[in-house]
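Q: Next come the chains, spelled out residue by residue.
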Amino acid sequence: MKPTSVPTSVGRSVARKDGWAKAAGTARYIDDITMPGMLHGRTIRSTVPSGRIRAARLDFDPAGFTIVVCTDIPGRNVIALIEDDQPCLVERDVRHLAEPILLLAHADRDRLLSARVEIEYDVTPPVLDPLLASTLLKRLRIEKGTLEQGFDEADLIVDGEYRTGHQEHVYIETNGVIAYPERGGITVRGSLQCPFYVQKALKTLLALPAHLVRVIQEETGGGFGGKEEYPSMIAAHAALLALKARRPVKMVYDRVEDMLATTKRHPSIVRHRTGVTRDGRLTAMDIEIIMDGGAYVTLSPVVLSRGAIHAAGPYRCDHVRIDGRAVMTNTPPNGAFRGFGAPQTQFATEVHMDRIAEALGLDPVLLRERNALRPGDSTATGQLMKEDCSALEVLREAVRRTSFDEKRRAYRGTHRGIGLALFYHGSGFTGSGEVTLASKAALELTSTGVRILVGSTEIGQGTRTMHAQIVADALGVPYESVEAAQPDTGAVPDSGPTVASRTCMVVGRILQRCAEEMRQRLGNLSPADYYAQHGRLMIEREYEKPADVTWDDASYRGDAYAAYGWGCDVAEVELDPDSYEIRPTAITAVQEIGRAIHPGLVAGQIEGGTAQGIGYALLERVVMRDGGMANAQLTNYIIPTTLDTPPMQVVILERAGVHGPFGAKGIGEMPIDGPAPALVNAIRSMGLDVRSIPATPELIMELTCG
Amino acid sequence: MRLILNGQARDIDAHPLKRLLDVLREDCGLTGTKEGCGEGECGACTVLVDGVPLCSCLVPFAQVNGADVLTIEGLGGDHPLQRAFTEQGGAQCGICTPGMIMAALVLEPDAPLDSVRRALAGNLCRCTGYEAIYRAIQNA
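Chains A and B, in that order, give the protein sequences.
For what it's worth, our numbering labels the leading residue of the first sequence as 1, then goes sequentially.
For what it's worth, our numbering labels the leading residue of the second sequence as 1, then goes sequentially.
Excised from the complex, chain B in its bound form:
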């Protein structure tokens, strides 16, 4: 299967029905994408596929053939959202953080709080009560 992964063309040999989450973690060594529930409820495994945030635990690998896939590793570590999460305490235990950041990437700059809440409604965090995550996104 051929796809653009974090900006680079890649040929990846994996079973077409393998979950994208497992292909990323096991075949590509990209362990920044996390599994929280395996049923599309928690959003910890969120990645962007052609710019759209999706739960990679629900996506069979075949479905991203030819697609542009972006994971947390593709942000390079110094993205304004990553800096803001660090500065504002948006990450506590950190397991939901990559998914949160990927879901937040598609928000317009200066998005109002209501839009932020709606954009993150599919991403569960059990540590922060979401408040520090809003502070991070609004300060990014």
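Excised from the complex, chain A in its bound form:
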């Protein structure tokens, strides 16, 4: 019989499913795996940003080597994603530095690395400045009301331009895979976020049906978006080599190759022209966004889309126009990175809000209070805000917790500053994305409990743990009796990619429905008893769109997201007048996320995202020279260490949303939206007119010394 009272796990910080193995050092990552007869693979890459290949010459004895060129590709020479415009291997035209041209494999890594390949190019002038780019990767426009009318109602117009740089993910485990021929097809194991993305790309590349392309996620040492689309490329290379060699091939990038060749956060230029009344009411927002997509379309259309939708910030305004462009430059394609366009556009909005407050002589908190979205207001896409709209609550809580007003007064005229940023973040795929994905999730009984079958991956954020809590409580069984299957395209349903703050709210909700159905089927029996009496039972469910969520792709109007999380960050900084370094001294993050399924995991997301945001704001400068990252090493691309991160105060507010499991909304991305504008506004409070990031000592010196 089923135990009558099972302790609930939702809302408690239960032990992580993967905690012990990771602390013991026994968790198995891709580079920890070897296979009999395994070769090592290497990618030969372009050394120019733009040109045409004239000749390629192998400067080594090819005996014992496997060599793959683009004509070896059995299917289409593309990495299938949105537009299918990016080749797996260059055929003739090079569009960016470090673009893959040919592939080598050898059993001996030293011999592999010493093999020289000479490539001659007819070099063409590259386009490196997005403002000079003539090729559009995507354009979109969001319109609400009539801009002219809004400007007519204004007492003052404030304009400004804001810039953000590239950001490198620096997951501590670099990209890596092992590919091997299996059962007439190919199997790839790797460090990745989205096994079904890799499967889709390999099907097209290799002209194989789905059942002959198997993709398995191994323990993954961080992703942050950097293992969303790029693993399709490295998997494609390893698969081509493995099929030609008929042996397993491992490819694991070293740090330099990973930083030089893989994706980064899109740099942005955002221009605001805002009408405002003397008492601080926003009457018109005219926003222009330019994102540097790099050399191929890849994910730029959707990064731009999320960026544009968040560009007006969590504010009400009747007259809004947002005009977004993603343009092509001859640089490695930029791609998914936690926040996916929203950190760039909300940086601009929040620094601009402080500049509006400065122009009006108004308190920055008051300006935000006056304009913050409230239930009943609508966003730029016309989405009506419901009861879980918490912009004012997070703002007031953050101001109260930090004694913001008092400190702002006390720090005036000193080398200390305090600033804040108010932000929001949509959970799940944008617009009709979740309907198109039609994600599936399943549960199956085991002899001891129940197993979760999802394509969602554990990349450190706590997927296995959080999903198991949802299932345990919905099914009424102990958390310990719920396990998660390894993501394997041959064994689990496609739950959509592990991106977009959707793994808890969207996939977790499908799992909750599976568990509710299973609970009915079990009747009074425990999972183990049912299994013993009746055998196998599997329940699979598909995403169901909430009836009250509507979106129109053609007009770009409607409910852009099923739910939003809300956040307010307060940052305190100190300026070192000798070195011009900005040292963050305290940061407070107040975030409303519906329901914290696991408060410890939620705090982990907020603390980790905040630290990444600190790096983005102050330290992380990708130096692009001749189209490539000149500082592609951890020696001179600086991410925050223990000494660069200030004490953090994390405040989790809960105001249940209606669509997620147990009221949960997304949390993965939102924490990185706030730190950069909060820190820059803190610097601005010292009288330094910073409008771009990273705010390195060089920039501060320039502003100080003129």
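It is worth saying that the hints were derived from the structure and are not from the lab.
This one's a predicted model, so the numbers in the text were calculated from it and none came from an experiment.
Yeah, the Cβ is synthetic: ideal placement off N, Cα and C, and Gly gets one too.
Mixed in with the good hints there might be a few duds.
To be verified - Partial chain A-side listing against chain B, Cβ under 8 Å, derived:
#, residue
1, G460
2, G604
3, T610
4, A611
5, I639
Let chain A serve as the given structure and place chain B on it in line with the hints.
A: Relative to the frame of chain A, chain B by itself:
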């Protein structure tokens, strides 16, 4: 080359200039020690050599001849620090965790937060913002 590895005397036959990291992972099968950058910046490959935390990616094998080398596997899985990392969420993606734990091993019990920060300054974590790591160490 002869050394004490995780408490046991071992004779290991490997090239004297091979990185200690590779000897541990490839010749000894101790894959708990991770490579993050290969240039001594991230600390994922931290091991103790005669009680001192070092980046094993920067140490040629010859240098540990006769030394006492301790890796994450030498802690046995039930060390108070390992338990605390598990309980406090000190490990997210887990790739920096073995190195973090090895670096934290040399801290005095009840070390103040400032000392913890300084001891871990050579170990990068991109997931946690370090806060849960401090909680783990201070609760171990």
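Q: Would the hint on A:T610 be counted as holding, given a Cβ-Cβ threshold of 8 Å to chain B?
A: This hint holds: A:T610 lies near chain B, its Cβ roughly 6 Å from the closest one there, short of 8 Å.
Q: With a cut-off of 8 Å on the beta carbons, see whether A:A611 makes it to chain B.
A: Constraint on A:A611 satisfied, holds at 3 Å.
Q: When the nearest CB of chain B is found for A:G460, is that gap smaller than 8 Å?
A: holds (3 Å)
Q: Does A:G604 hold up as a contact with chain B if the rule is Cβ-Cβ below 8 Å?
A: holds (5 Å)
Q: Interface hint check: A:I639, Cβ to nearest Cβ on chain B, cutoff 8 Å. Holds or violated?
A: holds (6 Å)
No hint from the list above goes unmet by this structure.
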